[in-house]
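Engineer: Below are the chains, spelled out letter by letter.
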Amino acid sequence: MLEPELLKVGIVVNTWQEAIQQGGELLVKSGMVEQRYVEAMIDNVIKLGPYMVIAPKVAMPHARPQDGVLKTGISLLLLKEPVVFGERGEQLAQLVICLAALDNSSHLDLLKQIAEVIRDEASLALMLQATTTEELLNYFSK
Amino acid sequence: MKIITVCGMGLGTSLMLKMTVERVLQAKGIKGEVEAIDIGSAASANADLIVTNHEFVKELQGTKAKVVAIKNIASEKEVAEALAEVLGE
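Those protein sequences? They're chains A and B, same order as listed.
One point on numbering: in numbering that gives the first Met the number 0, the residue at position 91 of the first sequence is 90, and numbering is uninterrupted.
One point on numbering: in numbering that gives the first Met the number 0, the residue at position 13 of the second sequence is 12, and numbering is uninterrupted.
Hints listed in this document are in silico derivations from the structure and should not be mistaken for laboratory results.
By construction, the Cβ of each residue, glycine as well, lies at the ideal position given by its N, Cα and C atoms.
Treat the hints loosely; a few may be bogus.
Unchecked claim - Result set (DSSO-like, lysine-lysine): computed pairs, CA atoms no more than 27 Å apart in a straight line: (1) 46/A to 65/B; (2) 46/A to 70/B; (3) 111/A to 70/B; (4) 63/B to 111/A; (5) 56/A to 76/B; (6) 30/B to 76/B; (7) 79/A to 28/A; (8) 7/A to 70/B; (9) 79/A to 111/A; (10) 27/B to 111/A; (11) 56/A to 70/B.
Stated by the list, open to error - Covered by chain A, per the in silico footprint, the following chain B stretches (three or more residues, Cβ under 8 Å): (12) 11–23; (13) 62–76.
Chain A extracted, bound-state conformation (with noise of 0.2 Å):
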């Protein structure tokens, strides 16, 4: 389920925002969502808080399936260096995970997917080292 090209390691960016559009550009490259989801996104964040830092250093924005989802699928963006993410300034970001459901349930398995990559401290660390795709999707696909 998790394509290669959905993938992005070693990015630099300034702000949480470009992060956003950065990996929801990966989504909207792949088919999975329209244009407008990536700014629903954004709006998410600024509306209802950084509350999508799942873990340390570990976002998953996203939106609701009637901001332009067109399939369930991730894409994800491993900064170089975290990001602040929000506005208050609070928490850090450096793995953005954004998120596309189609509905309430069709995302569940990608969900346990990912708790299982974040669940453990010190194999999120490595994870977060990772240099290459290959080696993040590794995680994703054990």
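Position chain B relative to chain A; hints supplied.
Structural biologist: Relative to the frame of chain A, chain B by itself:
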């Protein structure tokens, strides 16, 4: 015991948190119903315990439910410790 996991939209963070809470309950042999819910519907859910992230704690206080906040929503260890504290183990 009714537990709700709460996030902004009820379909990402709260669902992952629900999976983690269910795993912890199962491991401990505690019976409980877990539902993932969005922040707007949380108040009317009539839960005994609310598991959420730090962002929403303040907003969710003030009902009979105890509220706990989790930093790593996939960490069974962190969720287990938080639950043990409120369940008085």
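Engineer: Under the criterion that the straight-line Cα-Cα distance not exceed 27 Å, is the pair residue 7/A, residue 70/B satisfied?
Structural biologist: Holds, because 25 Å separates the two Cα atoms, which is no more than 27 Å.
Engineer: With a cut-off of 27 Å on the C-alpha distance, tell me whether residue 63/B and residue 111/A pass.
Structural biologist: violated, 31 Å
Engineer: If you draw a straight line from the CA of residue 79/A to the CA of residue 111/A, is it 27 Å or shorter?
Structural biologist: This hinted pair holds, its Cα atoms lying about 25 Å apart.
Engineer: Run the distance test for residue 30/B versus residue 76/B: straight-line Cα separation, threshold 27 Å.
Structural biologist: Distance of about 18 Å is within 27 Å: holds.
Engineer: Sort out whether residue 70/B lies within 27 Å of residue 56/A, counting only the CA atoms.
Structural biologist: holds, 10 Å
Engineer: Please verify the coverage claim for the segment 62–76 of chain B: does it have three or more residues whose C-beta sits within 8 Å of some C-beta in chain A?
Structural biologist: Contact hint for the segment 62–76 of chain B vs chain A: holds, 6 residues under 8 Å.
Engineer: Would you check chain A against the segment 11–23 of chain B, counting CB to CB pairs closer than 8 Å, and say if three or more residues qualify?
Structural biologist: holds (count 6)
Engineer: Assess, step by step, whether the Cα of residue 27/B is no farther than 27 Å from the Cα of residue 111/A, and give holds or violated.
Structural biologist: holds, 20 Å
Engineer: Going straight from one Cα to the other, do residue 79/A and residue 28/A come out at no more than 27 Å?
Structural biologist: Status holds; Cα separation ~22 Å.
Engineer: Please verify whether residue 111/A and residue 70/B have alpha carbons no more than 27 Å apart.
Structural biologist: holds, 17 Å
Engineer: For a C-alpha distance cap of 27 Å, please report whether residue 46/A and residue 70/B respect it.
Structural biologist: holds, 20 Å
Engineer: So if I understand the rule, the pair passes when the alpha-carbon distance is 27 Å or less; does residue 56/A with residue 76/B pass?
Structural biologist: holds, 18 Å
Comparing the model with each numbered hint stated earlier shows that hint 4 is the single one that does not hold.
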